[in-house]
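Residue-level listing of the chains:
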Amino acid sequence: MSEANGREGAVDGVGPAELEGMPEIESPLADVALVDLLNRVLDRGVVIAGDVTVSVAGVDLLHLDLRLLLSSVESLGPRGRGVGPRGPTGGAE
Amino acid sequence: MMGMHLYCIVAAGQAPSRGLRGLDGVRVEGVSAGGLSVWCSAAARRPVVELERVRAHDRVVRAACARVTPLPFRFGQWFPDTDRLEAWLLAGRERYREGLATVSGALEFALRLDPAVAPREAREEAVAAVRPLGESTERGAGSAYLRTLARREAVRAERDRRGEEILSALATRLDGLVRAAAPDAPPVEGSLASVGHLVPRSGFEPYRRAVERFARERTELTVRLTGPWPPYSFVRVPPS
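Protein chains in written order, with our numbering: chain D, 1 to 93; chain W, 1001 to 1240.
Don't take every hint at face value.
Examples of chain W residues toward chain D, derived with CB under 10 Å [what the hints assert, rightly or not]:
(1) C1008
(2) A1110
(3) G1140
(4) R1224
(5) G1227
A short list of chain W residues far from chain D (calculated; beta carbon distances all over 10 Å) [claimed, not checked]:
(6) V1026
(7) G1076
(8) E1086
(9) G1099
(10) A1141
(11) S1143
(12) R1156
(13) A1157
(14) D1160
(15) A1171
(16) G1176
(17) A1210
(18) E1217
(19) R1218
Hints in this document: simulated from the structure, not taken from any laboratory.
Just so it is clear, CB atoms sit at the ideal spot from N, CA and C, and this is done for glycine as well.
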């Protein structure tokens, strides 16, 4: 992503090219950014279903603590085997 | 009908670029209703959580952020068909418009504030601040266990106290530079405090300078700043 220059007129005050020049900060420790990524994408944002329930090898692990999941996903790497989310269980955002 | 994996909500008319690909390389498309649009891609079933898919999800949301600030979906949100997606979007259009207004023109930054000293030293400092439990004549595994619990509680309490002080000082320093703050409670393991800030796009440089000044002054801390992120932490929309 890049820096906004504050032009007016687009949907939220930022036009199509507004992000040019906004530097993306990367932590010197890659694991910090990965934790931040997983924390956000898996634990925040709009939900239409509740807690992520996962299964491993077909065995449901109900309401798996997301911190445990973060730890396990961190250790998987890009070619690691994943775990599968299952259907809605309710919950709040 | 094919199911849809959801990436983000934007105002209607903000279509994904034709070449944008999401999970498993599937093309991203927009489904619109009620003046809003959901960026999504076809998926036969709710996606499995894998690191590369998580990254693909975030990349699509970031692509939206290049033009506007969307409301990001949490990974794994899925509808069995577009008809139900449109109905859901229509039913919640006022909530999502409010959500978009909250994040409009801003992006998220993540701060982690860790002790600069090694964790063992920090523990020793915290323990030294705790009065000894009981008398020296206490014996037995039970007493030792209770003392261990008390020490752990003391360390946790000290960490929480320091974290609250840091966040308070940080909030004062960043007053007027952030639109909203979302502290992690509890903070990320090992951190004294971690917090997300919603920062106007035009105000990133003053924000970054203020964080750097804070870091220079608080030499007892290691300050880690990452971002910009899509505003995952500032989606204030209850689930339907």
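Margin query: Please check whether the beta-carbon of A1141(W) is more than 10 Å away from every beta-carbon in chain D.
Written below: At about 29 Å from chain D, A1141(W) clears the 10 Å cut-off, so the statement holds.
Notebook entry, point to check: Are all beta-carbon distances from A1210(W) to chain D longer than 10 Å?
Noted result: 14 Å, holds
Check: Looking at E1086(W) again, its CB stays over 10 Å from all of chain D?
Finding: Holds: least Cβ distance 13 Å, greater than 10 Å.
Notebook entry, point to check: Regarding the hint that R1224(W) lies at the interface with chain D, is the smallest CB-CB distance below 10 Å?
Noted result: 5 Å, holds
Item checked: Outside-interface status for G1076(W) - nearest CB in chain D farther than 10 Å -> 5 Å, violated
Next item on the list: Over 10 Å to the closest beta carbon of chain D is the bar; see if S1143(W) clears it.
Entry: 31 Å, holds
Note to self: Just want to verify: G1099(W) was marked as not at the interface with chain D; is every Cβ pair farther apart than 10 Å?
What the structure shows: Label violated. Min Cβ-Cβ 8 Å, cutoff 10 Å.
Checklist line | Verdict on A1171(W) as a residue remote from chain D, using beta-carbon distances over 10 Å | finding: At about 20 Å from chain D, A1171(W) clears the 10 Å cut-off, so the statement holds.
Next item on the list: Quick one: work out the minimum CB distance from R1218(W) to chain D and report holds if it exceeds 10 Å, violated otherwise.
Entry: About 18 Å separates R1218(W) from the closest Cβ of chain D, which puts it past 10 Å; holds.
Item checked: Check on V1026(W) being off the interface with chain D, judged by Cβ distance over 10 Å -> Holds, since 17 Å exceeds 10 Å.
Check: When the nearest CB of chain D is found for G1140(W), is that gap smaller than 10 Å?
Finding: Since chain D brings no Cβ nearer than about 33 Å to G1140(W), farther than 10 Å, the hint is violated.
Margin query: Next item in the hint list is A1110(W). Is there a CB on chain D closer than 10 Å to its CB?
Written below: At 5 Å from the nearest chain D Cβ, A1110(W) passes the 10 Å test, so the hint holds.
Hint compliance for this structure: hints 3, 7, 9 are broken, all remaining hints hold.
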